[in-house]
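Kindly generate the complete structure, drawing on both the sequences and the hints.
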Amino acid sequence: MALAAPPPARGHGLRRALAPYALISPTLLLLATFLLFPVGSVLYYALQHHVVNEPYDDAFVGLANFRQMFGDEQFWSSLAFSAKWVFAEVMLQLLLGLALALIVNETFVGRAVARALVFSPWAVSGVLTTSIWMLLYNPATGVFHYLAELGVGNAGTSVLGNPDTVFSAAVVAELWRGVPFFAILILADLQSVPKELYEAASMDGAGRVRTFLHVTLPHLRDAIVLATLLRSVWEFNNVDLLYTLTNGGPAGATTSLPLYVAQLARKSYDFGYGSALTTAAFVILLFCSVLYLRLSKFGREK
Amino acid sequence: MTAAAPRATGRVLRLFLPLALYLVFTVVPFYWMLLFALRPAGSTSLLPWPLTFEHFDTVWNGMGFRVYFQNSVWIALLTLVFVTFFALMGGYALARFKFRGQRAFLLALLCTQFVPGAMMLIPLFNIFQTFDLINSRWSLIIAETTFQLPLAMILMSGFVRNVPVELEESAMMDGCGRIRAFLAVVLPLLRPGIVAVGSFAFIGSWNNFLFALMFLNDPELQTVPVGLQTTIGENTVDFGALAAGGVVAAVPVVLVFAFVQKYLVQGMSTGAVKG
Numbered sequence: 001m002a003l004a005a006p007p008p009a010r011g012h013g014l015r016r017a018l019a020p021y022a023l024i025s026p027t028l029l030l031l032a033t034f035l036l037f038p039v040g041s042v043l044y045y046a047l048q049h050h051v052v053n054e055p056y057d058d059a060f061v062g063l064a065n066f067r068q069m070f071g072d073e074q075f076w077s078s079l080a081f082s083a084k085w086v087f088a089e090v091m092l093q094l095l096l097g098l099a100l101a102l103i104v105n106e107t108f109v110g111r112a113v114a115r116a117l118v119f120s121p122w123a124v125s126g127v128l129t130t131s132i133w134m135l136l137y138n139p140a141t142g143v144f145h146y147l148a149e150l151g152v153g154n155a156g157t158s159v160l161g162n163p164d165t166v167f168s169a170a171v172v173a174e175l176w177r178g179v180p181f182f183a184i185l186i187l188a189d190l191q192s193v194p195k196e197l198y199e200a201a202s203m204d205g206a207g208r209v210r211t212f213l214h215v216t217l218p219h220l221r222d223a224i225v226l227a228t229l230l231r232s233v234w235e236f237n238n239v240d241l242l243y244t245l246t247n248g249g250p251a252g253a254t255t256s257l258p259l260y261v262a263q264l265a266r267k268s269y270d271f272g273y274g275s276a277l278t279t280a281a282f283v284i285l286l287f288c289s290v291l292y293l294r295l296s297k298f299g300r301e302k
Numbered sequence: 303m304t305a306a307a308p309r310a311t312g313r314v315l316r317l318f319l320p321l322a323l324y325l326v327f328t329v330v331p332f333y334w335m336l337l338f339a340l341r342p343a344g345s346t347s348l349l350p351w352p353l354t355f356e357h358f359d360t361v362w363n364g365m366g367f368r369v370y371f372q373n374s375v376w377i378a379l380l381t382l383v384f385v386t387f388f389a390l391m392g393g394y395a396l397a398r399f400k401f402r403g404q405r406a407f408l409l410a411l412l413c414t415q416f417v418p419g420a421m422m423l424i425p426l427f428n429i430f431q432t433f434d435l436i437n438s439r440w441s442l443i444i445a446e447t448t449f450q451l452p453l454a455m456i457l458m459s460g461f462v463r464n465v466p467v468e469l470e471e472s473a474m475m476d477g478c479g480r481i482r483a484f485l486a487v488v489l490p491l492l493r494p495g496i497v498a499v500g501s502f503a504f505i506g507s508w509n510n511f512l513f514a515l516m517f518l519n520d521p522e523l524q525t526v527p528v529g530l531q532t533t534i535g536e537n538t539v540d541f542g543a544l545a546a547g548g549v550v551a552a553v554p555v556v557l558v559f560a561f562v563q564k565y566l567v568q569g570m571s572t573g574a575v576k577g
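Protein chains in written order, with the numbering used here: chain Z, 1 to 302; chain A, 303 to 577.
If you're looking for bench data, these hints aren't it; they were derived computationally from the structure.
It should be emphasised that the depicted structure is a prediction, and the values quoted were computed from it without experimental measurement.
The beta carbon of each residue, even a glycine, is placed where N, CA and C say it ideally should be.
Any given hint might turn out to be false.
Derived list of chain Z stretches under chain A, where covered just means 3 residues or more per stretch with a C-beta under 8 Å from a C-beta of chain A [what the hints assert, rightly or not]: (1) 14-20; (2) 68-80; (3) 84-94; (4) 102-112; (5) 178-192; (6) 230-236.
Restraint ranges, calculated between C-beta atoms of paired labels, are given here [to be verified]: (7) Ala112(Z) to Ser347(A): 26 to 36 Å; (8) Gly252(Z) to Lys564(A): 38 to 48 Å; (9) Ser347(A) to Leu29(Z): 52 to 62 Å.
Pasting the structure below:
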């Protein structure tokens, strides 16, 4: 963080020294009460046996919840699903978003309209995405029904009810609203590539592909690292779509780790164990993020 | 002519073909929703004709969407006001002051992005219960404001930093206090930033589902996404209502999107995030 030079000192030194703290105090208060405290209580309950409707059994149990976790098959399968989900979503969103940003960065007639249309699913919620794709995937109302009438493929199968197709179906629905985020971020960064760099590249006789690889891509690196990181965390934590579209099914085939924790909380009220799972998820996320930032050399001079 | 033709073909293959394919992928789902919302139940026409508004009547008056809509509008607007106001204060502090603990504060703001909101449901529920805020719209406003503030503030500090500090200095030389200098000089220049941050807050709050599901039980207080979920039910047969509910949920967001579209690319630029 480069800091701007502070404006000239004015007024009393003490008032000036306290001003920034006064300005951030509402935020500090909110974050401490409604974010830090809940996180702390999750860490606390991770070491407790605490089932909400059996308060007489509450006790400190040390690492027992974590031992239970290592033997819990559903934990491992939901973690594996989450990893697969994040990887598929972020890779595809990045590739499609990058391609899309490059396309709408060119000059052509109707570009403004094309941009608006292409970016529009960005603002759509997970539940609304579910509504829309339910209609599209439903054997009675969906596009497959119409395509089958035209002789393409066969209708009558529910892609969401079949364990073989449900993953791709959910991935495509989430892609629909996820790609614009990458496209917008990358387009913003594309516009800041200095024109001289392209001129120099073209003087050196570099073709389109070489210019992209040696000028555009290096310039975009930090934006791509940041976007993929934020998006990975977001896709990992995101439950709205899977909760409403598949509710983790069929037969647990699309249960992500946060979804498993949410189901655990609602069905068995086992808050102690749920807290242990949350703690594990938090640690995994943090570890992967730090590793990713290190490996990608984020923010280093090129 | 001979040289131009292959170049034009290249442009079609490289640019317009992928763009057209992607536009189909983007637009068909929206069209499908409109189609089912606007054509009579049982129709198989691919055009919404004859046009009917019966499904909107069903969801708006029969399924309570009128109440959900009003609730969502109020919650989203208040979240917008709080997020924008606090983000302006904090963003200004981060951009224009150097203070002890600044780096730690920034790091904390970034770390909040790793906290899974869905997994905070139970502890948050307990806290709101102690404050007697379960079944109050304030629980949603507070939770949404808290979770959106960190990123909003980082974004806003980037926008403040882009306003030349000299403008403020010269106003202060002319005898303005810091607050007057801010209101008269900086604030008008922050318009794009305020629009971007405010609309992100509105959209995020409008779209929130899990907090509403968890903290509100009274149907009179419920919001649009939860109402939408009730139309999704596993054995839904009323596809018209499902689609019409979707359109109701989409309209405000589409309006806000149309309004901020222009600022979006600017607002999301990593320059603003990285500072």
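Each hint, compared with the structure:
1. 14-20: holds (count 3)
2. 68-80: It is violated: at least three residues are needed, and the segment 68-80 of chain Z offers just 0 whose Cβ sits closer than 8 Å to chain A.
3. 84-94: Result for this restraint: violated, n = 0.
4. 102-112: It holds: at least three residues are needed, and the segment 102-112 of chain Z offers 4 whose Cβ sits within less than 8 Å of chain A.
5. 178-192: holds (count 7)
6. 230-236: Holds, because 3 residues of the segment 230-236 of chain Z bring their Cβ atoms closer than 8 Å to Cβ atoms of chain A.
7. Ala112(Z) to Ser347(A): 26 to 36 Å: Holds, at about 32 Å.
8. Gly252(Z) to Lys564(A): 38 to 48 Å: 45 Å Cβ-Cβ, so the 38 to 48 Å window holds.
9. Ser347(A) to Leu29(Z): 52 to 62 Å: At 56 Å between Cβs, range holds.
Of the hints listed earlier, those the structure fails to meet are numbers 2, 3, in rising order.
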